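Can you build the whole structure from these sequences, using the hints too?
Protein chains in written order, with numbering that gives the first Met the number 0: chain A, 0 to 349; chain B, 0 to 349.
None of these hints come from the bench; they were simulated from the model.
Here the structure is a predicted model, which means the values were calculated and not measured.
Some hints here could point you the wrong way.
No copy is singled out in the list; a pair is fine if it fits within one copy or between any two copies.
Within a straight-line C-alpha distance of at most 20 Å, the following computed SDA-like cross-link-like pairs (lysine to any residue) qualify [stated by the list, open to error]:
#1 Lys273 - Glu260
#2 Lys311 - Arg276
#3 Lys273 - Pro112
#4 Lys273 - Lys311
#5 Lys273 - Val291
#6 Lys209 - Ala247
#7 Lys209 - Arg306
#8 Lys273 - Ala316
#9 Lys311 - Ala47
Protein chains: 2
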Amino acid sequence: MTPSALEAVEEIASRVRNRDRRGLARGLSWIEDRTPAGRALLDRLYRADHPAHRVGITGPPGSGKSTIVNELTRRLRARGAAVGILAVDPSSPFTGGAILGDRIRMQDHSSDPDVFIRSMASRGSLGGLAAASIEASELLEAAGFDWILLETVGVGQSEMEVVEAADTTVLVLVPESGDAVQVMKAGVMEGGDVFVINKYDREGGDRLEKEVSLMLELSRELNATGVADRWEPPICRTVALRADGIDALLEAIDRHRAHLERDPERRREVRSRKIARRLRTQLRDRLVGGLVRRWDLEGWVAETTARIQEGKGSPYALVDSLVARLLEEGVPGARDDARRSEGRGAEERP
Amino acid sequence: MTPSALEAVEEIASRVRNRDRRGLARGLSWIEDRTPAGRALLDRLYRADHPAHRVGITGPPGSGKSTIVNELTRRLRARGAAVGILAVDPSSPFTGGAILGDRIRMQDHSSDPDVFIRSMASRGSLGGLAAASIEASELLEAAGFDWILLETVGVGQSEMEVVEAADTTVLVLVPESGDAVQVMKAGVMEGGDVFVINKYDREGGDRLEKEVSLMLELSRELNATGVADRWEPPICRTVALRADGIDALLEAIDRHRAHLERDPERRREVRSRKIARRLRTQLRDRLVGGLVRRWDLEGWVAETTARIQEGKGSPYALVDSLVARLLEEGVPGARDDARRSEGRGAEERP
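What follows is the structure in structure tokens.
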């Protein structure tokens with residue numbers, strides 16, 4: 000990294016610490032664009048003490064997550080807490096970015112200096128959005144936001160990656176999301192700390208609650224480990240559009256936070272599991288990123304694709320022999336390369 | 000790989016080629032379990048000529064994908080085609096495997112020797128399910144199934160990874176899945192070759208069709224590249240439970256197949272893009288897999304997690320310095336290790 004680039008990182012770092020909105024926006028763009036400056040910034044601002052409480056909110060499209068986030072924000076602000084909100088949306092070729100429709104509802108808070116809202120969109124890179132949104136929440140934490148709300152769209156593996164990095168995971172279901180089998184299909188119930196049945200007044204609300212409750216009971220029996228003071232995920236009934244049940248939801252989140260903090264050993268353990276998971280994911284992504292920067296990965300991909308199409312080998316054998324070579328010898332020439340090119344080498348080892 | 004393990008691979012390979020059901024089931028289990036035997040099997044059976052047509056079918060839970068798959072299967076069987084079906088489900092701690100509820104409807108075909116149905120469940124590994132289901136479809140292709148239907152649950156990044164590896168991607172929407180914004184939110188419209196509006200007779204069916212059609216038009220304008228003979232994704236209206244509109248859907252899929260095959264250059268190009276994408280994904284996964292096998296990755300993760308919690312460094316700098324070292328030098332001792340341990344070394348280079 001050049002001296003002027005380092006200076007820019009330092010400047011943004013200090014603006015983020017002062018919760019300067021334009022500085023924050025700039026830093027978040029670096030993170031979304033996966034730039035070396037973004038990583039350098041995160042390295043400087045990383046808070047091992049983890050002062051903020053992160054709440055991940057996920058559920059099917061149309062289940063009312065944005066309304067719930069809006070209502071939670073209102074209550075957290077009434078307590079005087081500063082709230083950072085990340086709305087994690089997949090991108091679309093039609094908009095070229097995040098969809099702002101739902102954000103309009105958030106205009107209640109748009110003039111409040113202690114609320115910061117950012118929509119984050121997938122830019123096509125595999126798993127990149129989950130990584131970027133977790134990193135963005137670390138930036139908001141460094142900016143001194145007390146609560147960080149991570150709202151995702153949809154319930155899938157990538158969405159769960161986002162919310163599992165949160166301290167408290169809230170799963171929002173709606174009666175029309177179907178019967179118990181459909182809920183199980185979402186395959187994410189094991190990740191929930193708090194369940195919300197939103198639009199509870201609709202037909203099927205009672206039945207859905209019974210099903211979720213039954214499944215939680217089953218899970219409790221299957222995973223009975225004799226641990227004292229185990230967290231029992233509560234089920235909250237809400238009608239978010241009327242702000243019904245939101246107080247009880249926030250209280251459930253507060254209780255989960257208190258549960259985590261009551262036992263410092265447990266808090267440490269939970270954090271440590273989350274850090275370890277992120278280290279593995281980051282390592283995977285950075286290894287491939289490093290291959291792109293230090294080696295002609297795309298050249299190898301093109302050449303290997305051609306070989307496969309000519310019937311000269313399967314992807315399985317060809318990938319495995321490359322992996323074996325890389326692990327045994329590293330990237331050919333990478334060491335000399337790193338020595339020669341100060342700039343790029345330094346980027347790799349900040 | 001030991002001689003007896005190699006023999007087992009050869010035996011299963013020949014049973015798969017003969018479409019022996021128990022042999023197929025065994026091979027698919029190897030693939031799901033991510034074993035070296037599974038990779039060796041795939042390497043042996045890989046078909047560069049890609050004789051089967053793979054159809055990926057995705058959409059929100061409850062949109063009727065299983066019913067559509069059932070109806071398509073009935074029609075393909077009437078033509079005499081052999082059909083392999085992979086139902087890709089996330090797992091749940093409650094069932095410990097794939098959910099079979101929807102599969103019950105498929106019992107129509109359970110006694111037919113030319114239909115093979117397999118549910119595949121996530122076993123917790125990140126992105127592992129997408130990889131496994133693509134590999135499983137390659138196994139079914141080697142077994143001589145003419146059509147392979149890949150049905151996924153949910154619409155997310157991982158689901159799109161599955162269906163994008165298919166030749167034809169069918170996106171199923173339902174009126175209650177909400178307005179155009181919600182559809183865009185699914186963020187997957189760019190991936191669709193054929194759109195289905197199922198339960199078309201419900202309220203909102205017309206409106207949904209108009210919205211999808213408008214968005215396709217918009218996308219056409221944005222991506223206008225002057226390519227002649229461009230594929231225009233059709234919108235099919237179905238009421239799958241009454242088998243309404245399924246003939247037209249199959250016809251649309253046939254037309255897409257014919258479109259791909261009409262121009263061998265285009266077919267090659269499309270295939271080549273898909274192979275290249277898979278090479279990148281596989282490389283990423285195998286690099287981390289290789290680190291687990293050849294090095295104490297978990298030891299590094301534990302040690303680094305502790306350092307981070309003690310405030311001695313951020314994950315960003317620590318991951319980057321490991322990646323730099325690995326790319327420059329490979330895994331310390333891996334070369335000697337590979338020489339010493341014939342068995343494991345051979346697994347890496349089949």
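Which of the listed hints are not met by the structure? 3 and 7
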